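S.K.: Please arrange chain U on chain V, whose structure you already have, making use of the hints.
Chains V and U are the protein sequences, given in the same order.
Residue numbering for the first sequence is 1 to 340, as defined by full-length UniProt numbering.
Residue numbering for the second sequence is 1 to 340, as defined by full-length UniProt numbering.
What the hints contain is simulated information worked out from the structure, not anything from laboratory work.
Since this is a predicted model, take the numbers as computed values, not measurements.
Here a beta-carbon is modelled for each residue, glycine too, at the ideal position from N, C-alpha and C.
Any given hint could be a false lead.
[As the list claims (entries may be wrong)] Once the Cα atoms are required to be at most 30 Å apart in a straight line, the calculated DSSO-like pairs of lysine-lysine come out as:
id : chain 1 : residue 1 : chain 2 : residue 2
1  : U       : K150      : V       : K190
2  : U       : K190      : V       : K193
3  : U       : K193      : V       : K193
[Claimed, not checked] Far from chain U, by Cβ distances over 12 Å, these chain V residues were calculated:
id : residue
4  : L32
5  : P35
6  : D70
7  : E71
8  : R93
9  : G182
10 : K187
11 : E197
12 : G247
13 : S331
Protein chains: 2
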Amino acid sequence: MDGIPPVALDAMGGDNAPGEVVAGAVRAVRDLGVPVVLVGAPPALTEELDRHGAGSEIPIVRAEETIAMDEGALASLRRPRSSIAIACHLVRRGDACAVVSAGSTAGVVATAKLRLRAQPGVLRPAIAVPLPTRPHPTVLLDAGATADVKPETLVQFAQLGAAYAETALGVPAPRVGLLTIGGEPGKGNKLVKRAHELLDAAPGLDFTGNVEGHDLLNGVVDVIVTDGFTGNVALKTMEGSVRYAFGELRATLDGGRLARLGTLLQRGRLRELRRRLDPEAYGGAALLGLNGTVVIAHGSSRAGSVAAACALAATLARQGTVARVGERVTSSAQKQHRRW
Amino acid sequence: MDGIPPVALDAMGGDNAPGEVVAGAVRAVRDLGVPVVLVGAPPALTEELDRHGAGSEIPIVRAEETIAMDEGALASLRRPRSSIAIACHLVRRGDACAVVSAGSTAGVVATAKLRLRAQPGVLRPAIAVPLPTRPHPTVLLDAGATADVKPETLVQFAQLGAAYAETALGVPAPRVGLLTIGGEPGKGNKLVKRAHELLDAAPGLDFTGNVEGHDLLNGVVDVIVTDGFTGNVALKTMEGSVRYAFGELRATLDGGRLARLGTLLQRGRLRELRRRLDPEAYGGAALLGLNGTVVIAHGSSRAGSVAAACALAATLARQGTVARVGERVTSSAQKQHRRW
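The following block holds chain V by itself, in its conformation from the complex:
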């Protein structure tokens, strides 16, 4: 891929690490043409690479420590030599174009904040997840980077999200909605009521007002802004509900002889649909607001999703998306400053 440095892939992060992560790296390199460097414990990684006969294709950078899936933000402070910390270090030094990790979200976010630092004027980072709406994805942020926010932070998330939709998804003048519990400006908790007022007054944003939980997948706006707590609950609720609906559907389809016949006919199409709605297929979510490209893959990612996350990271790095997203926030902050 036009001579950019490789993607630094945290080989120790994720429920299926290192096996599926290494398999994902092999796919990214061979099938997608994305250069990758694996960061982790060499013996295990060499063994996995050998399994694919890829020992000479993918370099390994040693990291002695690992942040486990059930560890939180504090672990990142205690482990300066963790695989995710080393991956961030490679990006800072310019030896990698981006970080990809399927590790614990709290651990990845805390480490990346510490090692890459926030872009100038950015209050808090946010995870931007593309939801499978049509004709293009709706960006939901924050999906879990920052659980406690101020109203001003939500305005910044709106700017980060709008810039991401423009730059990464090619949406001109993205419409921004605020996630809350009713259509009118006065509906919601104290946080969103104040954020609504600030968003109304924010320059350079096409703020269209409130959206609700049932608007996540109907494409009514291009960017949905919320705090990391609510966004994470909503995202996981969405995933669980789609899985539940298909589980119930399968139980129904198996129920009778006529139904079984029908199932037989439709098996291929149903499988295809299920894959499209599968959160792992999205590839990953970008962590916005830091000095470097970071893509967080689903904790349960398998090889295919790891490879997709590497491809997303390389594309974002090549387009300079993160830098352009940060510039937007910086220039908005300056404009705000002039107005006050």
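M.R.: Okay, now just chain U, sitting in the frame of chain V:
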């Protein structure tokens, strides 16, 4: 139904009022044997009743005012003669056993709080929604009554929800989970981190720890506790996601000739499944913590759901559920008091 006073049905509340609400009242009375009194503007209601030839079967109590679907909590203070206020008044006087409304949630909650008052020791009311899990529903609360809460309020919601699961759903020793964004005690925002500590120490509760968005429909606990903002976002996200999954499914099924044949075979079963997952079919959600039974039906309710909500309200009133739920909170509050 064994001589209880009638259910006071807010005939003016809901997207399809009064037509579908009156039709629901007729169904409740004729098909389900639930006595109902309609509260609203007589000319419109008489006309609707005549349409069903039910003018002599269902009494009307006059209410001059209405709280519109887009009005919030303040409207309830401004309109002491609204249909929902009069319905609450009937319950206070003992002339009705319960209130049912498909009106604006904020309006119904504010009016009911004002007219029926909180039970002794109850800090804030909560809406308890039964989610379609198996073998019995999981109770999610709060689904939108109280958007801003303190950690102590979440402990009370846990007690209200556990008492409701026991009394209304017959679940012995209900397991209670706290909705947040990670499995470990330290995951979440400030509110849930503190609530986790309090729930761990709360007497008489089987608190099993954190649950996440994808646990809403997997039946891992019997009661899911959250604030009214997060709960409402999660509930509407669930509804929207199920609707989306079935919409996508339908598009897939219509896609080819083989698929169309299969669809034909399965039409009856699919329709049945969709109905079961439809939020309107739940009937309604109980508002817990007030001196009186209040059931809030979905704003888009049609006749069937209105009738189901009336039946739920009558059953809760007959069982004395609300009083027993309140007693539990009162006795827990006393126990806590003794411990301090």
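S.K.: If you check each hint against the structure, which ones fail?
M.R.: 6, 7, 9, 10 and 12
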